[in-house]
Amino acid sequence: MRSVISIILLAVIAVGIGLSLDHVPFGEPKTKVGTHYIDKGREETGATNIVTSVVLNYRGFDTLGEVTVLFVAATGLGAVLATRRKKEKRQIEPASLVLFTGCRFLFPLILLYGTYIFIHGHLTPGGGFQGGAIIASAFVLVYLGCRGRRISETGSKTIESLGGLAFIIIGLVGLAVGGHYFLSNYLPKGELNTLFSAGVIPIIYIAIGFKVGSELAGVIDHLVEESE
Amino acid sequence: MIILVSFLIILMLVTAIAALIFKDLMSAVIASCMVSLIAAILFYFLQAPDVAMAEASIGAALVTAVFIVAIRRTKRYEE
Numbered sequence: 001m002r003s004v005i006s007i008i009l010l011a012v013i014a015v016g017i018g019l020s021l022d023h024v025p026f027g028e029p030k031t032k033v034g035t036h037y038i039d040k041g042r043e044e045t046g047a048t049n050i051v052t053s054v055v056l057n058y059r060g061f062d063t064l065g066e067v068t069v070l071f072v073a074a075t076g077l078g079a080v081l082a083t084r085r086k087k088e089k090r091q092i093e094p095a096s097l098v099l100f101t102g103c104r105f106l107f108p109l110i111l112l113y114g115t116y117i118f119i120h121g122h123l124t125p126g127g128g129f130q131g132g133a134i135i136a137s138a139f140v141l142v143y144l145g146c147r148g149r150r151i152s153e154t155g156s157k158t159i160e161s162l163g164g165l166a167f168i169i170i171g172l173v174g175l176a177v178g179g180h181y182f183l184s185n186y187l188p189k190g191e192l193n194t195l196f197s198a199g200v201i202p203i204i205y206i207a208i209g210f211k212v213g214s215e216l217a218g219v220i221d222h223l224v225e226e227s228e
Numbered sequence: 001m002i003i004l005v006s007f008l009i010i011l012m013l014v015t016a017i018a019a020l021i022f023k024d025l026m027s028a029v030i031a032s033c034m035v036s037l038i039a040a041i042l043f044y045f046l047q048a049p050d051v052a053m054a055e056a057s058i059g060a061a062l063v064t065a066v067f068i069v070a071i072r073r074t075k076r077y078e079e
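Protein sequences, first through last, are from chains A and B. Residue numbering for the first sequence is 1 to 228, as defined by this note's numbering. Residue numbering for the second sequence is 1 to 79, as defined by this note's numbering.
Derived from the structure by calculation, the hints contain no laboratory data. A quick note: this is a predicted structure, and the numbers were derived from the prediction, not measured. Just so you know, even glycine gets a beta-carbon here, dropped at the ideal spot from N, CA and C. Accuracy of the hints is not assured; some may be wrong.
What the hints assert, rightly or not - Label-pair restraints from in silico Cβ distances:
{"hint": "1", "chain 1": "B", "residue 1": "Thr74", "chain 2": "A", "residue 2": "Lys189", "range": "49 to 59 Å"}
{"hint": "2", "chain 1": "B", "residue 1": "Ala48", "chain 2": "A", "residue 2": "Thr75", "range": "25 to 35 Å"}
{"hint": "3", "chain 1": "B", "residue 1": "Tyr77", "chain 2": "A", "residue 2": "Ser6", "range": "18 to 28 Å"}
{"hint": "4", "chain 1": "A", "residue 1": "Phe61", "chain 2": "B", "residue 2": "Met26", "range": "25 to 35 Å"}
{"hint": "5", "chain 1": "A", "residue 1": "Ile92", "chain 2": "B", "residue 2": "Val5", "range": "37 to 47 Å"}
{"hint": "6", "chain 1": "A", "residue 1": "Ile203", "chain 2": "B", "residue 2": "Tyr77", "range": "24 to 34 Å"}
{"hint": "7", "chain 1": "B", "residue 1": "Met26", "chain 2": "A", "residue 2": "Leu81", "range": "21 to 31 Å"}
{"hint": "8", "chain 1": "B", "residue 1": "Arg73", "chain 2": "A", "residue 2": "Val33", "range": "44 to 54 Å"}
{"hint": "9", "chain 1": "B", "residue 1": "Ala48", "chain 2": "A", "residue 2": "Glu44", "range": "16 to 26 Å"}
{"hint": "10", "chain 1": "A", "residue 1": "His23", "chain 2": "B", "residue 2": "Arg73", "range": "16 to 26 Å"}
{"hint": "11", "chain 1": "A", "residue 1": "Thr35", "chain 2": "B", "residue 2": "Leu8", "range": "27 to 37 Å"}
{"hint": "12", "chain 1": "B", "residue 1": "Ile21", "chain 2": "A", "residue 2": "Thr158", "range": "37 to 47 Å"}
{"hint": "13", "chain 1": "A", "residue 1": "Val12", "chain 2": "B", "residue 2": "Leu8", "range": "21 to 31 Å"}
{"hint": "14", "chain 1": "A", "residue 1": "Ser161", "chain 2": "B", "residue 2": "Ala70", "range": "51 to 61 Å"}
Kindly generate the complete structure, drawing on both the sequences and the hints.
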């Protein structure tokens, strides 16, 4: 009975959303700002990837908020799971040879891929968040294959703090030197489609990549440690 | 192209329903991981490779890892 009612309720909500979205034209530009980003984005920011130019240049302050949200989430998880337990050596069942060898072989490649993605964030798809998540998934692989290995907690905390600090300091320098707003692009734009272009964008993305990667790896580390 | 996309959407719906139905929570987590992977492929077809990358790495890899750790900590089978 309850499931029937919930299905009917869901159907009513779906029909309501469908009817209200019916009049909105799909895929057509509804505001002028989107076409401005597409037309002028390259000249104004120097980044070939328009998504990156929006995320870090036009809407850089929002990205700072996102990074802060992630930081608060990771810190909250650390506070909830912080158990000062005796570090007794528990007998951990070792992974099989195939898994161990595969992890050892794949770990540097995945790290390299993640690093490539966040360094080339202004040229190719991807960026700091994606690259950081890929790096964290490399650490998941390590916990799967080489059990008993742990990342250093102080190391990950230091990298995380330095990444966040670099982001804010670059933004504040932009406020002082460049234009009259936070996170303005004050370095030379360089030549389009080269690695050293787009001013501060690659530097901020590298900082975000390190920060997100160490943060998510720390989250996984906390959870794995708690479950053993 | 349209056939491939329709097939992927139907597969995504099937895996999403399977994730709800499975009593074995490990299978349910793997099914939800598949939903994320198919969503990533669809994002790529919609010409949003940035979102596809985020969906594949976070939705398919990290969230699955977190759920599996949680299952190891609690019970594997739902009553």
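Here is what the structure says about each hint:
1. A hinted range of 49 to 59 Å for the beta carbons of Thr74/B and Lys189/A is consistent with their spacing of about 53 Å.
2. As the Cβ distance of Ala48/B to Thr75/A is approximately 30 Å, the hint placing it in 25 to 35 Å holds.
3. Between Tyr77/B and Ser6/A the C-beta distance comes to about 24 Å, which sits within the given range of 18 to 28 Å.
4. Evaluation of the 25 to 35 Å hint for Phe61/A and Met26/B yields a failure: the beta carbon distance comes to about 42 Å.
5. For the pair Ile92/A and Val5/B, the beta carbons lie near 44 Å from each other, so the given range of 37 to 47 Å is met.
6. Checked against the hint of 24 to 34 Å, the C-beta distance between Ile203/A and Tyr77/B comes to roughly 50 Å, which is inconsistent with it.
7. Range check, Met26/B to Leu81/A: about 22 Å between beta-carbon atoms, so the 21 to 31 Å window is met.
8. Between Arg73/B and Val33/A the CB atoms are about 47 Å apart, so this pair conforms to the stated range of 44 to 54 Å.
9. Against the hinted window of 16 to 26 Å, the Cβ-Cβ separation of Ala48/B and Glu44/A comes to about 22 Å, which satisfies the hint.
10. Under the hint 16 to 26 Å, the C-beta atoms of His23/A and Arg73/B, about 48 Å apart, miss the expected range.
11. Between Thr35/A and Leu8/B the Cβ separation comes to about 30 Å, which falls inside the hinted range of 27 to 37 Å.
12. At roughly 45 Å, the beta-carbon separation of Ile21/B and Thr158/A lies within the given 37 to 47 Å, and the hint holds.
13. Between Val12/A and Leu8/B, the C-beta spacing of about 28 Å keeps the proposed range 21 to 31 Å intact.
14. Checked against the hint of 51 to 61 Å, the C-beta distance between Ser161/A and Ala70/B comes to roughly 28 Å, which is inconsistent with it.
When the structure is compared with the earlier hints, violations turn up for hints 4, 6, 10 and 14 and for no others.
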